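K.L.:
Sequence:
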Amino acid sequence: MIDFRSDTVTKPTQAMRAAMAQAEVGDDVYGDDPTVNSLQDMAAEMFGFDGALFVSSGTQANLLALMAHCERGDEYLCGQQAHNYKFEGGGAAVLGSIQPQPLINQADGSILLSDIDSAIKPDDIHFARTRLLSLENTIGGKVLGQDYLAQAQTLAFNRGLKIHLDGARVANAAVAQGIAIADITQYFDSVSICLSKGLCAPIGSILLGDERLIAKATRWRKMLGGGMRQAGIIAAAAKLAITDQVERLAEDHHNAKSLALLLEDIAELNVDVESVQTNMVFAKLAEHINPSMLAHALSRKGILISGSQQLRLVTHNNISCHDINTFVHELKQAILLAK
Numbered sequence: 005m006i007d008f009r010s011d012t013v014t015k016p017t018q019a020m021r022a023a024m025a026q027a028e029v030g031d032d033v034y035g036d037d038p039t040v041n042s043l044q045d046m047a048a049e050m051f052g053f054d055g056a057l058f059v060s061s062g063t064q065a066n067l068l069a070l071m072a073h074c075e076r077g078d079e080y081l082c083g084q085q086a087h088n089y090k091f092e093g094g095g096a097a098v099l100g101s102i103q104p105q106p107l108i109n110q111a112d113g114s115i116l117l118s119d120i121d122s123a124i125k126p127d128d129i130h131f132a133r134t135r136l137l138s139l140e141n142t143i144g145g146k147v148l149g150q151d152y153l154a155q156a157q158t159l160a161f162n163r164g165l166k167i168h169l170d171g172a173r174v175a176n177a178a179v180a181q182g183i184a185i186a187d188i189t190q191y192f193d194s195v196s197i198c199l200s201k202g203l204c205a206p207i208g209s210i211l212l213g214d215e216r217l218i219a220k221a222t223r224w225r226k227m228l229g230g231g232m233r234q235a236g237i238i239a240a241a242a243k244l245a246i247t248d249q250v251e252r253l254a255e256d257h258h259n260a261k262s263l264a265l266l267l268e269d270i271a272e273l274n275v276d277v278e279s280v281q282t283n284m285v286f287a288k289l290a291e292h293i294n295p296s297m298l299a300h301a302l303s304r305k306g307i308l309i310s311g312s313q314q315l316r317l318v319t320h321n322n323i324s325c326h327d328i329n330t331f332v333h334e335l336k337q338a339i340l341l342a343k
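Each residue of the sequence shown is one higher than the one before, counting from 5 in the numbering used here.
Hints in this document: simulated from the structure, not taken from any laboratory.
Just to be clear, a hint being listed does not mean it is correct.
Computed list of lysine-lysine pairs in DSBU-like fashion (alpha-carbon distance at most 35 Å, straight line) [what the hints assert, rightly or not]:
1) Lys90 - Lys15
2) Lys336 - Lys226
3) Lys305 - Lys125
4) Lys15 - Lys288
5) Lys226 - Lys166
6) Lys90 - Lys288
7) Lys90 - Lys261
8) Lys166 - Lys336
9) Lys220 - Lys288
10) Lys305 - Lys336
11) Lys220 - Lys261
12) Lys288 - Lys125
13) Lys220 - Lys125
14) Lys125 - Lys261
15) Lys226 - Lys288
16) Lys261 - Lys226
17) Lys336 - Lys15
18) Lys288 - Lys305
19) Lys166 - Lys305
20) Lys305 - Lys261
As the structure is a computational prediction, the values presented were derived from the model and not from experiment.
Taking the hints into account, I'd like the entire structure generated from these sequences.
P.N.:
This is the structure:
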């Protein structure tokens, strides 16, 4: 199958499979798994933090960060399109009794600093206590610039807030700008990095923070059933994700741009080629095209897309230049059937 639905569908590399088979393991709940410990130490040093915690998913990493930063009745500020507001099941509210305050994301993915400043609640018994600003980079495939991050950090500091980064695709943001991941993470008190998207690990995310935050997050992870035993098997692949797979993301970005240029020539699609910054291409279907029929027709040719009027096509390690050409050819044929 040629699968454009998400970079979450990436398969582990052969090197990862070999490392998993040979991984030295122990009981991670006791802190005895040497491969997990090595991963955590390596990630903390690479990205500039006191500590790191290996967890099962990006959703769990974000939830643990929110619950470590905030208490019951507290509030975090985020974007309307933020993954930890829109796509994580309301976990912060349900499990942490933490109130989200979503703000409008601009076209470039940012939140206006003036909107953030205005949304911070006064110290008054009538209001939730605003404790945290949460940003996402990349967001919708778009990169938040370094100057913006520095300004957001200054605002948070001056207003007494902590600042968290949902860095599910922060490696994409770093590669797109030609900088190190640590150049981005330096602006945050905590960061979650997903290893099972473009970085190809089969499972897992890293949460980064100071010792106090990681200790609280570890306790919450156990309470929420996230304690893992011989997790070195998956940590071995995670180590290769952050050492061997980051620079390769440039290929995904190149393929996404190539895909956008090819789609631009299809009359039934509206594609903003200039907006393609990383590995995501957004294409709006003409209203007379049935997206469900289009997705079904492509699936019969071994191609998977998310069937909606606004297509999101994601390139990754298992999408080649040949796959892109095949997809564009089959898409043109499928559009004829979906009218």
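K.L.:
State for each hint whether it applies.
P.N.:
Okay, the hints, checked on the actual structure:
As the CA atoms of Lys90 and Lys15 are separated by approximately 26 Å, the hinted pair is consistent with the 35 Å bound. A C-alpha spacing of about 50 Å is found between Lys336 and Lys226, which places the hinted pair above 35 Å, so the restraint is violated. Pair hint Lys305 plus Lys125 does not hold up; C-alpha atoms about 53 Å apart against a cutoff of 35 Å. Straight-line distance between C-alpha atoms of Lys15 and Lys288 comes to about 28 Å, which keeps the hinted pair within the 35 Å bound.
Annotation: proposed proximity of Lys226 to Lys166 holds, straight-line Cα distance about 24 Å (limit 35 Å). Using a Cα cut-off of 35 Å, the hinted pair Lys90 and Lys288 holds, with the two alpha carbons roughly 21 Å apart. Between Lys90 and Lys261 the alpha-carbon distance is near 27 Å, which keeps this suggested pair within the 35 Å criterion. The hinted pair formed by Lys166 and Lys336 fails the criterion: a straight-line CA distance of about 49 Å is larger than 35 Å.
The suggested pairing of Lys220 with Lys288 is violated, with an alpha-carbon distance near 43 Å, which exceeds 35 Å. For the suggested pair Lys305 and Lys336, the alpha carbons sit about 12 Å apart, so the restraint of at most 35 Å is met. Restraint check: the Cα-Cα separation between Lys220 and Lys261 comes to about 42 Å, which exceeds 35 Å; the hinted pair is violated. Distance restraint check for Lys288 and Lys125: the Cα-Cα separation of roughly 38 Å exceeds the 35 Å cut-off, and the hinted pair is therefore not satisfied.
At roughly 25 Å between alpha-carbon atoms, Lys220 and Lys125 fall within 35 Å of each other, so this suggested pair holds. The straight-line distance between the Cα atoms of Lys125 and Lys261 is roughly 42 Å, outside the 35 Å bound, and the hint therefore fails. The hinted pair formed by Lys226 and Lys288 fails the criterion: a straight-line CA distance of about 43 Å is larger than 35 Å. With a CA separation close to 42 Å, the supplied pair Lys261 and Lys226 exceeds the 35 Å bound.
At roughly 28 Å between alpha-carbon atoms, Lys336 and Lys15 fall within 35 Å of each other, so this suggested pair holds. At roughly 21 Å between alpha-carbon atoms, Lys288 and Lys305 fall within 35 Å of each other, so this suggested pair holds. Note on Lys166 and Lys305: the hinted pairing is violated, with a Cα-Cα distance of about 49 Å set against a maximum of 35 Å. The straight-line distance between the Cα atoms of Lys305 and Lys261 is roughly 23 Å, inside the 35 Å bound, and the hint therefore holds.
In the structure shown, a violation is registered for the earlier hints numbered 2, 3, 8, 9, 11, 12, 14, 15, 16 and 19, in ascending order.
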